[in-house]
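2 protein chains.
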Amino acid sequence: MSNSYLPIPLKEKILREKHDQLPQIMRKFNIDCWLIFARETSTTPDSAMNFVVGSDVVAQSAFIFFIKKDEIRKIAIVGNFDAETERNKGIWDEVIAYDLGIEAALLATIQALNPEKIALNYSLDDYSSDGLTHGMFLVLENILSEFQDRFVSAQPIVNVIRSNKSETEIGLIKEACQLTEEINEKISTTLDIGQSETDIQARFHEEIHNRGFGFSWQREQNPAIDAGKDKDFGHVLPQEDNFTVEGQTLHNDFGIKYHGYCSDLQRMWFFGKKTDLPEELKHAMDTVLEAIRRAAKRIRPGIQGYKIDKIAREYIISCGYEEYKHGLGHQVGIMAHDGGCMLGPLWPRYGNGPKQVIEEGQVFTIEPNVKTKNHGMVSMEEMVVVTSTGCEFLVKPRKDFIYIHE
Amino acid sequence: MSNSYLPIPLKEKILREKHDQLPQIMRKFNIDCWLIFARETSTTPDSAMNFVVGSDVVAQSAFIFFIKKDEIRKIAIVGNFDAETERNKGIWDEVIAYDLGIEAALLATIQALNPEKIALNYSLDDYSSDGLTHGMFLVLENILSEFQDRFVSAQPIVNVIRSNKSETEIGLIKEACQLTEEINEKISTTLDIGQSETDIQARFHEEIHNRGFGFSWQREQNPAIDAGKDKDFGHVLPQEDNFTVEGQTLHNDFGIKYHGYCSDLQRMWFFGKKTDLPEELKHAMDTVLEAIRRAAKRIRPGIQGYKIDKIAREYIISCGYEEYKHGLGHQVGIMAHDGGCMLGPLWPRYGNGPKQVIEEGQVFTIEPNVKTKNHGMVSMEEMVVVTSTGCEFLVKPRKDFIYIHE
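Note that the protein sequences, when read in sequence, are chains A and B.
In my numbering, each residue carries its 1-based index in the first sequence increased by 80.
In my numbering, each residue carries its 1-based index in the second sequence increased by 80.
Warning: the hint list may mix true and false statements.
Unchecked claim - Residues from chain A that keep clear of chain B, each with C-beta distances beyond 10 Å, as calculated:
(1) 97
(2) 107
(3) 154
(4) 165
(5) 171
(6) 180
(7) 187
(8) 208
(9) 217
(10) 270
(11) 285
(12) 356
(13) 397
(14) 405
(15) 455
To be verified - With a straight-line cut-off of 30 Å between C-alpha atoms, the simulated BS3-like cross-links for lysine-lysine are:
(16) B:266 <-> B:148
(17) A:154 <-> B:453
(18) A:453 <-> B:169
(19) B:451 <-> A:169
(20) A:197 <-> A:377
(21) B:451 <-> B:362
(22) A:169 <-> B:405
(23) B:148 <-> A:405
(24) A:254 <-> A:435
(25) A:169 <-> B:453
(26) B:169 <-> A:309
(27) A:405 <-> B:154
(28) A:266 <-> A:451
(29) B:353 <-> B:387
(30) B:353 <-> B:453
(31) A:377 <-> A:451
(32) B:435 <-> B:405
(33) A:354 <-> A:377
(34) A:169 <-> B:309
(35) B:390 <-> B:435
(36) A:91 <-> A:148
(37) B:169 <-> A:451
These aren't lab readings, by the way, just hints derived from the structure by calculation.
C-beta: ideal position from N, C-alpha, C; glycine also.
Please take these sequences and the hints and turn them into a complete structure.
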């Protein structure tokens, strides 16, 4: 049976953990009301709902978290057909079901609460707290026209709810990483020269299917498979006519979804004995591994993400390579790219993410790469969880290529 | 292996079919530029991208379709790591890759094209053409500040691109329906009294897994399983402690995803002989079936959706039942709820959908239900495709309950 979905008892446990954290988080950011407004979330999901709602909705729905003094009040306003699902969860103080339209019930509820701020799920910088669509924002502006000047971004709340993983979540991500390595090990025994990238990917897909796992990202690009010295790593589909070659490398970028949580690891193989490894590849791999070690050594709560990226980036440049054209690492959770604080450079495309501060319970990838002159690219990707004083690897970090024909 | 994903050759075929339709659609609605603006679409998908882009993106990306005189120009502006994927597709006239931020390339491109309108994927009424997030809208407003007054909703384009299915798409949906009925038939042979709803759902899940299908909507609610006279149909989870009973009904609402396209059918079983069926259930089923027949008979291109809903709704009321508290039917495609024109009443929560006009190639459900006084609810759901003169059922419509212990 399928192991890719979060089992209901675990989902309920995580929902309770997140609801328990919420009052403290809302107080910390001085937001008295958080409003999630969504419809047809199978088509257009607001991924923040995974943590505090836990199921899809069909009709326009409002989920309201309101803090006053020491109390939190949690209200769901949903279409009649979604109401029983919400009532059965037991996480709402009140479930209001409507037949025709949400307008009257939503306006009356907000008027009664009269919050100072209304935090909505939009963000210019952070995709993971940007689940409110523009159309739904306009709908909300119409319904709550008298409250428009109280609208603020809910990004601070969503970031913490999502990023700071509970023990249950960390356990699941760790399991996903272990299972990913299990598959890597198993496929390693089947690798040989003259195999096409699409062929190799198909073997990974078969393992994933047989074990009932899901994909951390789009299946066609997962795992990314890059054979030989001429393939540029990145989000490029495996090719039918590109083959593994004696004396050259194979690279994958692979993540599974297990019980709703993701892994994201990169590994490399070399077709030949360790003693045959070209000096250039050895130097490149040593550089990548040392960059990972240096970054991991400095990760701890309170430091901004870009400072970690800088350590790895400058080390790689100091070793004579061009800098990698992406961030050093991103958070991982229910998605491979989980948003929030990131270990990235201060480039416009990463917005505010790299300026955010690392906190305990966050899970990051560390994934530098370098390009050699004659033997292609070298990359490795590990995953760490932030502890109170530093970070820990979620699976044993690799120390080298995996040698085929050793 | 997995059969839930659209195989690449079929995906490429559908992309070509949609790209071919596009100039005509854009001209019809007098829109010279359609701009899709998205990032990290694994987390926050813009579902319209399925039809004209065909893969996920990571960094901020702009997909531009521009019509001038008889020519269409198609430009993708993507982060460097997404560029090769786009180039390999062969559907873009130009792929612009950026390293740091999209701002300069996007502004320069729009300045050069200087379109009269810039259609964006937002809609107050229609969730399926509302894929642009509010945060990304604000980003775009900043980048294209000098063009803000040219922004319009792309809903008319997205609706037609998505709704008016190509032959390839209709073929896939039909197959999904047939496979759904195959599973219904198979599970029918295992049904008996004293079985719990969760138990029955688990058998459906096993079939789906073994055949490598996906789910049309959230797995926990798919199929919905409703046993006995006291269960209110709707999006309610199956219960462990609710059992099938002799002389009572079982209902499911079940949809699979096969090669990327969905089914959505409701069926009902009766535990007993046909001669044991209570008169009340017989009357209710006859009413539902006749409502479906009357609606299907009137579906044709050019008629507004709400008029079809009205036919079924008024017929049901005329038979002495309360009206159903939802729309008569919705479109089906890559999602079970596929947006656009719908067969629904003119209630606020359905927005503009029911006012839209039915067109050839659209696929609809027809799903009225009624509530009996003593024997619970009765429902049935069929799927039809609109032809040039009317509509055709995608699988043979059911004529009755399926009798267990006949």
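For this session: May I ask which of the numbered hints given earlier this structure violates, with the numbers listed in increasing order?
Result: Hints 4, 6, 8, 9, 11, 14, 16, 17, 20, 23 and 29 are the ones this structure does not satisfy, whereas the remaining hints hold.
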